[in-house]
Structure formats: C-alpha cells, structure tokens
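Enquirer: As a plain string of letters, each chain reads:
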Amino acid sequence: MSIKDTLYVLFIVCFMSLVSNILGTKATILESIPGLLILTVIALAGILMAKYLPGNIPSVAYVVTLGCILTYPAVPGSAIISAYVAKVGFVSLCTPLLAYAGVAIGKDLDDFAKSGWRIVVVACVVFIGTYIGSAIIAQAILKSLGQI
Amino acid sequence: MKNFKLHAIVLGLIVIAEMIGVHTFKVGVGTIVLLPMLFALLLGVLTTPKFLKISGKAEMLDASSLLGLTLMLLMARYGTLVGPTLPKIIAASPALLLQEFGNLGTIFIGIPIAVFLGLKREAIGAAHSVAREPNVALIGERYGLDSSEGRGVMGVYIAGTVFGTIFFGLMASVAASTLPFHPYALAMAAGVGSASMMTAAVGSLCAMFPEMAEQLAAFGAASNMLSGLDGLYMSIWLALPMAEWLYKKCYKIKYGEEPKKEEA
Numbered sequence: 000m001s002i003k004d005t006l007y008v009l010f011i012v013c014f015m016s017l018v019s020n021i022l023g024t025k026a027t028i029l030e031s032i033p034g035l036l037i038l039t040v041i042a043l044a045g046i047l048m049a050k051y052l053p054g055n056i057p058s059v060a061y062v063v064t065l066g067c068i069l070t071y072p073a074v075p076g077s078a079i080i081s082a083y084v085a086k087v088g089f090v091s092l093c094t095p096l097l098a099y100a101g102v103a104i105g106k107d108l109d110d111f112a113k114s115g116w117r118i119v120v121v122a123c124v125v126f127i128g129t130y131i132g133s134a135i136i137a138q139a140i141l142k143s144l145g146q147i
Numbered sequence: 000m001k002n003f004k005l006h007a008i009v010l011g012l013i014v015i016a017e018m019i020g021v022h023t024f025k026v027g028v029g030t031i032v033l034l035p036m037l038f039a040l041l042l043g044v045l046t047t048p049k050f051l052k053i054s055g056k057a058e059m060l061d062a063s064s065l066l067g068l069t070l071m072l073l074m075a076r077y078g079t080l081v082g083p084t085l086p087k088i089i090a091a092s093p094a095l096l097l098q099e100f101g102n103l104g105t106i107f108i109g110i111p112i113a114v115f116l117g118l119k120r121e122a123i124g125a126a127h128s129v130a131r132e133p134n135v136a137l138i139g140e141r142y143g144l145d146s147s148e149g150r151g152v153m154g155v156y157i158a159g160t161v162f163g164t165i166f167f168g169l170m171a172s173v174a175a176s177t178l179p180f181h182p183y184a185l186a187m188a189a190g191v192g193s194a195s196m197m198t199a200a201v202g203s204l205c206a207m208f209p210e211m212a213e214q215l216a217a218f219g220a221a222s223n224m225l226s227g228l229d230g231l232y233m234s235i236w237l238a239l240p241m242a243e244w245l246y247k248k249c250y251k252i253k254y255g256e257e258p259k260k261e262e263a
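Chains as they are written, first to last, in numbering that gives the first Met the number 0: chain W, 0 to 147; chain P, 0 to 263.
Chain P on its own, in the form it takes in the complex (with noise of 0.2 Å):
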C-alpha cells in the first residue's frame, strides 16, 4: 500500500506514456489508435522481474491490490458523462431500449467459442459483454483485474481500444452490403457503449446511405447513450449471471464434467 517505489514507477510511465502521445494510423475504412494508456501498460509490463527488473515481486502484488480502487475515479468520470445525456435517454423511444438487450448477444455466440478454444474463467470476463470500462471495473470488483476473469476482460478492452474503431467500421459496411439489415437497424445496433466504435460503425454506414445520414447518426449517438447507462446495470444483474451458467454449461460439453473448484 505505503510502496513509495511502486508509485515512483508509475509516476514515471504515466510521464513517460503521456509524452508518447496519441497516435493514429488511417488504414482502409477505419483508424487505428494507440493512447497513452497503451503505452503506459506496455512499458509497465517492462519494468517486471522478466525485463527490465525495475519492479520486484512486492510492487507487482501491490500494483495488483491497488488495482480495483484505481478504477474509481474513471467511473466518477464515466457517471459524469452520461448524466448530462439523461434527458436525451428518458425521451428515447422504447424501440431503442428494447433492442439494448441485443447486447447479450455477444454472451451466446462468445463463451461457446471461448471456452471450445481452450480459455477456463477468462472466458466470462472475455465475452460476458463487448468489454468497455465499466465492464472492466465490475470484472475487476467482483474477481480482481489480476484473476483469470480480469485477464479476460482486459485483453478484450485493450484489443477494442486499438482495433475498435477499424473493426466495427469494416464490420458495419460488411453487414449492410451481405446481411439482410435495414441500415436504421444497423445504425442502432452500433451503439455499444463506445464512442469511437459507434462513430467508426455509423461512418460507414452514412457513406454507403448518405440520404439517411441524419437518421443515422441520431440512431448510433441514442442508443449509444443507452448502452453507456445501461450496460454497467444489465452486466451485473443479467449478463454476468447468464454468462456463468453458460460457461458451467458449454465446459460440461467441452470436458465431459463440471468445472473444478478452482476453475468454477
């Protein structure tokens, strides 16, 4: 806790990331994006025992204690963000909060494949959900960012935080020109929860229909908005349960008995 190296060292990564900067790299349809924080995690992974030896065994464990406060004051924000849009939520039409449980989707089609490719617990952190912030808080809550399930969730978060935007760009012209999709339908289904992916997804989307733009755009940004409330709620009381019982389930399947302590 009182570790004055271990928040030397970090101190020194977050000045040392910060100068990095942000950088983009436009590739086809999408962008993709490397932050600070990326690199703070990067460089952070260098300092361990494995590589630099500038961090020992003791910062490591308390980096991982210290973990699930830090998220914290990133929530306070996240809260901060969404409140001011609330009036703009309440007036929604319901056709937009209904499809919001389109989101457990991801909990159907993911954990089957996650845990048929060989991952055990870092499967409900991987695809309980599309992996967000306050996903990765609650995972870090619940079972710690250091546990199988925050592996998981953190792997998916930082590959949605480079990859994102170019993924859901590509996947959004893909669907509107092979899937029998209106694009109103896939504009709102664009609002995940992140508002880079939400602008990648609906881009492509108003330069393949650019006579509905408008519309479009006013779908993504709503239902956007929805996600970004109603994702943390519907992760803790239906997502998160959903997705342990299909875990216990598909690992019945998987390995012919039901998962042992340590990995139930």
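Looking at chain W on its own, in the form it has when it is part of the complex (with noise of 0.2 Å):
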C-alpha cells in the first residue's frame, strides 16, 4: 500500500474513531481531536520505520514502542501526551474496527460457520492453559524465593 493510501485509511479510521469516541466516552469533539491526531502520527510513523528499518519487524511492534516511549513519564513532554490521548477510549477505538470486520466477515462466514464452534472450544482451552501454565511458572518461583 503507498503512503499516500496509507495516510488516506489512517484519517478515514481516525474520522469513525472520532465518532465512537464521542458517542462512546464523555468527551466532546475539541477533547477527542488532539489524541486521535497523536495517536495517527503514532501510527503512521511506526508503519513508516516497518516499512523503511531493516529486520523485516512489524509496524504493530513500532507502533506499541512508540506509544510507550512517548508516554514514558521520563520523557518530556510525555505528560500532555498522556493527557491528550486519555480522552480517546480503548474500548471505542474497538468499534471501527469491529464494524469494519463484520463486512469483511460477510465473504467468509460459511468457513466461520464451519470452524466457529471448534474455535469457542479452542479458546476455552487457551484461557485455561494460559492461567494454568503461568500458575505453575509463578509457584515454582516463588516457592524457590522462599516467599510461599
């Protein structure tokens, strides 16, 4: 995708965001812009380092990076830009997204029909091995601390 496509659908999305942002969370209008601006440019800048840094790393990685090294309190300036994007719910930021995958998921519903009860199953199965597994790690550890 070009950049100039890139920037396009980064302004379409941060648009609907700021629909959900203003039906979904207290805040008005002038308190959602200036975060959903930051956080674009946070998108945009770690989807430009993917596509330009060598080590083949994805944008997702660049992006979360760059978000925590902004808002890392060490870092000037980093406290209006907690302050600023605070006011755009994560939550909200979800429904764009969700409503976008529903239409996508039109074309592939009978292979979700097909392996939608097995995936239920699977992520009981997930959830459960996640707490389990790291239950056993967390006893081992603190048992060898002496702190249980």
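Incorrect hints may have been included.
As the list claims (entries may be wrong) - Pair ranges (Cβ atoms, derived):
{"hint": "1", "chain 1": "W", "residue 1": "L36", "chain 2": "P", "residue 2": "F115", "range": "42 to 50 Å"}
{"hint": "2", "chain 1": "P", "residue 1": "L45", "chain 2": "W", "residue 2": "G145", "range": "54 to 62 Å"}
{"hint": "3", "chain 1": "W", "residue 1": "W116", "chain 2": "P", "residue 2": "G27", "range": "18 to 26 Å"}
{"hint": "4", "chain 1": "W", "residue 1": "I28", "chain 2": "P", "residue 2": "G11", "range": "16 to 24 Å"}
{"hint": "5", "chain 1": "W", "residue 1": "I147", "chain 2": "P", "residue 2": "K25", "range": "27 to 35 Å"}
Keep in mind that the hints were calculated from the coordinates and are not lab data.
Note that the Cβ used here is the ideal one computed from N, Cα and C, for glycine as well.
Build the complex: two chains, separate frames, hints provided.
Expert: So this is what it looks like as structure tokens:
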C-alpha cells in the first residue's frame, strides 16, 4: 500500500474513531481531536519505520513501542501526550475496527460457521492453558524465592 | 480504498452500535459483557449479501484490505496505556518477569487440541496466545484478519471479550479450591494482558482469601502490566514461531503427512 493510501485510510479510521469516541465516552469533539491526531501520527510513524528500517519487524511492534516511549514519564512532553490520549477510550477505538471486520467477515461466513464452535472450545482451552501455565511457573518461582 | 459506500455503511454501524451502548449481565461470580464493538461486528455481518445485502462484494473485499491499518490507531493507544506504567514494571521483581513465560503454556495445550478438533491454520491464530488486542493486530499484519489464522484469533478475541471475565473469575476460584497452588501464584498468573480478566480472577481470589487481598491485587496488577508490555514481543519472537512448529508436528500426527502448501 502506498504512503498516500495509508494516510488516507488512517484519516478515515481517525474520523470513524472520533465518532465512536464522542458517542461512547464523555469526551467532546474538541477534547477528542488532539488525542486522535497524536495516535494517528504515532501509527503513521510506526508504519513508515517498519517499511524503511531493516529487520522485518512488524509495524505493530513499532507502533506500540513508540506509544510506550512517548508516554514514559521521564520523556519530555509525556504528561501532555498522556493527558490528550486519555480522552480517547480504548474500547471505543475497537468499534470502528470491528465494524469493518463485520463487513469483511461476510465473505468468509461459511468458513466461520464451519470452524466456529471449534474455535470457542479452543478459546476455553487457551484461557485455561495460559492461566495454569502461568500459575505453575509462578508457584515454582515464589517457592524457590521462599516467598510462600 | 476510496469506497465511499463502505465508509458510509461503517459510519452507520458505529453510530447504531454506540447508541446501543454497553450492556452487562451479572452471572454468578462474573459478568457477561456486551460492548458496542460486538454489536458493530454483528450488524456488519448482517449488512452482507447473505442477509440484508446492503454491502456487496466490493465492500467486503475493501473492508478486509483495510483491516490491518484500522488496527494501528488502537495499537498506538495501547502503547500509550503501557508507557505510564513502565517505571512500575521496571521496578517489578524478577519473579514476575520469569512468570511471564507461563503465558506460553497456552501453545502446548491449545495447538494440539485445536488440531485434534480439526482446525487447520485457524489453530495458530487461536492458540498462539490469549488473543488480546496486540495479538489480533500481529496476526492481522502477518496473515491478514480475513485469513484462516485471522479467523482463529478473532474468534478467541471475541469469546474473551464476551465471556473472559466470567471465565477467569470462575477459573480462579476453581483452581484455588481444587489445585495445590498458593493464592499468590494464582494472582500472579491472572495477569494475562487483559485488565478485565485479571480483575475478575483476582476478585474471586480476594473473596476467598480476604486477609491477603492487598498482596493479591498488587501481584495481579503488576503481572498484568508486564504481560501488556511483553505480550506482543513474546508473540513475535517466541509464541508465533513455536505455534508454527508445533502445528506442523501435530498436523503430521493427526493426518499422517506434512501440511499441504495452503495449509502450511
């Protein structure tokens, strides 16, 4: 995807998120815009870094890391950035995303119907596996440190 | 890309979904949560040719080509959620850090069961992690959310969003009363990278061991912050390669041959 197209899509998503943020949180239009623009710039920077930096690291990693660094308390200006993005609700950012996903899923409905119940079973197994796996290691470590 | 009909449909979906709002139902020890995102997803499916025929083939194809990018704004927000917690994460004990590797446990149980149930590449999306937002974004970027892997990760993500708190709430109390784990270990394990799941699990534990409540909450929160930070990096460099490898092994055991090209 060209940079122009990327920018175009990012701004559309930014606009959609503005709508869901105004409706879904208590923030007003004017309160939401600076935070959303900051997030759009972070996203664009991350995408460009993944495109031009070596190492074949996914842009997700760059975007999350940039967001992390810019809001790390010791970084100059982080308090301002944190205050602006705090007006953008995490859950309301998911609404536009899943609206697009819903339309996109339409073409794979048969596949979904076929694998749906299996994925739900796997979801339960995944939750149990993650939890018990972590508990086993936590138990062993706490024991070896003498904390329990 | 410049499909205005698609964007108009999505705008409509967002408005309706946000108007419906958040609905929660108390069920026993936990809560079933229905967020606007779920309504947006269901309504989006309803617009497609199988149902209301509002969106056509062009809209469906364009929507799936945009999905990867739509995730990036969310990931930027995700990073800004983690950033302010970094000083606390750095101060966390090495015990918490090591415990993070437990999150890889899901692969060794999840992938074999998924393949055994007959899932193909969906298994990798579904079982490489606990499928929270960064994992969805990663799968979206690597394979596309409209791929088999994408279906897997989206399925577990949605299941976790709707039933996650009730599941973790129940699981923590069952584990505390039947398995030989110390409550501290169970509280630490609750930090899988989802604040609501962690809160539900720690909540159950606190109700059972009120005298430890403070320590349990601290362990849960610290471990959850850590998972939020390392979950993505772990998935990129450890969980996904491990899931790919184990998938091939399990596939061979179940079907007696290497996965075919489109299934590898």
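Enquirer: Please write out, lowest number first, the hints stated earlier that are contradicted by the structure.
Expert: none
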